[in-house]
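Peer 1: As a plain string of letters, each chain reads:
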Amino acid sequence: MKVVLRQPRREIEVEGAKRVADLYKQLDLVPESYLAIRDGELLTIDMPVGPDDVIELRPVISGGSP
Amino acid sequence: MKCRVCRDRAVIQVRRHNANFCAPHFVDHIHRQVEKTIHHYRMFTPDDRLVLGVSGGKDSLALWDILTELGYRVDGVYLHLGIGEYSSDSLRFTQDFAEARDLELKIVDLPTDVGFSVPQAAAATARTACSACGLSKRYLLNQVAGQGDYDVLVMGHNLDDEAATLFGNVLQWNPEYLARQAPVLPADEGGLKRKVKPLIRVAERETAAYAVIRGIEYEVEECPMAAGNTINRYKEWLNALEEQSPGTKANFLFGFLDRGQQAFVEHRGSVELATCAECGQPTTGEVCAFCRLRHQTLVKIGSRAAS
Chain A
0 MKVVLRQPRR EIEVEGAKRV ADLYKQLDLV PESYLAIRDG ELLTIDMPVG PDDVIELRPV
60 ISGGSP
Chain B
0 MKCRVCRDRA VIQVRRHNAN FCAPHFVDHI HRQVEKTIHH YRMFTPDDRL VLGVSGGKDS
60 LALWDILTEL GYRVDGVYLH LGIGEYSSDS LRFTQDFAEA RDLELKIVDL PTDVGFSVPQ
120 AAAATARTAC SACGLSKRYL LNQVAGQGDY DVLVMGHNLD DEAATLFGNV LQWNPEYLAR
180 QAPVLPADEG GLKRKVKPLI RVAERETAAY AVIRGIEYEV EECPMAAGNT INRYKEWLNA
240 LEEQSPGTKA NFLFGFLDRG QQAFVEHRGS VELATCAECG QPTTGEVCAF CRLRHQTLVK
300 IGSRAAS
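Chains A and B, in that order, give the protein sequences. Under numbering that gives the first Met the number 0, read the first sequence as residues 0 to 65, first letter to last. Under numbering that gives the first Met the number 0, read the second sequence as residues 0 to 306, first letter to last.
No lab work stands behind these hints, which were simulated from the structure alone. None of these values were measured; they are calculated from a predicted model. A couple of the hints might just be wrong.
Said to hold, decoys possible - Not the full set, but computed from the structure, chain A residues with beta-carbon under 10 Å of chain B:
1. R5
2. Q6
3. P7
4. R8
5. L26
6. Y33
7. G39
8. V53
9. R57
10. V59
11. I60
As the list claims (entries may be wrong) - Think about it this way: if two alpha-carbon atoms lie no more than 25 Å apart in a straight line, the pair counts; the simulated BS3-like pairs of lysine-lysine are:
12. A:K1 <-> A:K17
13. A:K24 <-> A:K1
14. B:K1 <-> A:K24
15. A:K17 <-> B:K1
We put the CB at the ideal spot given by N, CA and C, even for glycine.
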């Protein structure tokens, strides 16, 4: 499936992931620092994902010196 | 996962509350959290004139939406920092948001109105970009709040911002900063406006989720000047802890505010504030840090332009 990463925006292909949790694990990302979005909808980590999906893993950390 | 309230499919898991929510009930949850914070800390009432610092990012736009939904009338002020495409994109997100909701937005353009951009200030002085930016924001937002005769300056700092700032201040054991970090910074006679942070109970991931659910377009890309900065690194470390022990960030911050901060009270207000000889705003010295920054930067820019 296609995974969209940000900061900066780029797309990568990921194979074999069955659930959102697998994506985080395969890409070594901490779920607390991201949102998984498919077609504008948020996905919890237990949601199944398929080979035709486009999933954005959007980082939530932002901001410099407050 | 099912929504805690209606058992419909959940779109977000909030592990520190041991709860999952569908989109509408998550929005309700966030509204309740913010309303509770406003009341608990007596931040403001619907009668107060409120101005919110908006950056075009998720926190400030989500907060503008939340406060408007809760029935507060809030104007926004956007500071154009002169950081290339990043600034023009964030301005566009902010303007689109305000126009769609018919909200009042004031814009301060640093290069035009003040004479320099944040990258220029960082290049001209010993400050990092984030330090020059933070100083300029604090100064200009307070100035706009004063000129507009607002009662309260509202800021979009979230739980992660405050926990990361606290973490940094603890690592440095900086008693003055530890004494001052608070959800409400009261106004003072010298001209500092009352400043409040209604999002401190809401994690950064939750403000982002709120923005996505509410269809708020915001600047997702990171400020190019802030990449890899210290606060963001602290946030990543705290999130690694949060992942293992949900509630860590909230316990750290609210444990400090409820039980730890009293140990630093004697350091509060230990600094006498005077009036800046240049601009009249409050300062600890003769000329305030912002006026010094402006001087140094304008001199550097001028000498570069002349050479």
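Peer 1: Next step is simple, just say for each hint if it's right about the structure.
Peer 2: Now for the hints, and whether the structure bears them out:
With a least beta-carbon distance of about 5 Å to chain B, the hint placing R5 (chain A) at the interface is held under the 10 Å criterion. Hint status for Q6 (chain A): holds, given a least beta-carbon distance of 5 Å to chain B, under 10 Å. Given hint, P7 (chain A) at the interface with chain B, holds; its Cβ is 7 Å from that chain's nearest Cβ, closer than 10 Å. Proximity of R8 (chain A) to chain B holds as hinted, the smallest CB-CB distance being about 7 Å (cut-off 10 Å).
The beta carbon of L26 (chain A) is not positioned within 10 Å of any beta carbon in chain B (closest approach about 14 Å), and the interface hint is therefore violated. Taking 10 Å as the C-beta cut-off, the interface hint given for Y33 (chain A) holds, the closest approach to chain B being about 8 Å. Below 10 Å, beta-carbon pairs count as interface contacts, and G39 (chain A) has one with chain B at about 7 Å; its hint therefore holds. For V53 (chain A), the shortest C-beta to C-beta distance to chain B is roughly 15 Å, which exceeds 10 Å, and the interface hint is violated.
Look at R57 (chain A): its Cβ gets to within about 6 Å of chain B, closer than 10 Å, so that hint holds up. For the restraint placing V59 (chain A) at the interface with chain B, the shortest Cβ-Cβ distance is roughly 4 Å, inside the 10 Å limit, so the hint holds. Satisfaction of the interface hint for I60 (chain A) is found here, the shortest Cβ-Cβ separation to chain B being roughly 5 Å, below the 10 Å cut-off. Taking the CA atoms of K1 (chain A) and K17 (chain A), the gap is about 13 Å. The hint holds against a cut of 25 Å.
For the proposed pair K24 (chain A) and K1 (chain A), the alpha carbon gap of about 16 Å is at most 25 Å, so the pair holds. With a C-alpha separation of about 23 Å, the suggested pair K1 (chain B) and K24 (chain A) falls inside the 25 Å cut-off, and the hint holds. Only pairs whose Cα atoms come within 25 Å are accepted, and K17 (chain A) paired with K1 (chain B) is accepted, the gap being roughly 19 Å.
Taken one by one, the earlier hints fail for this structure at numbers 5, 8, listed in ascending order.
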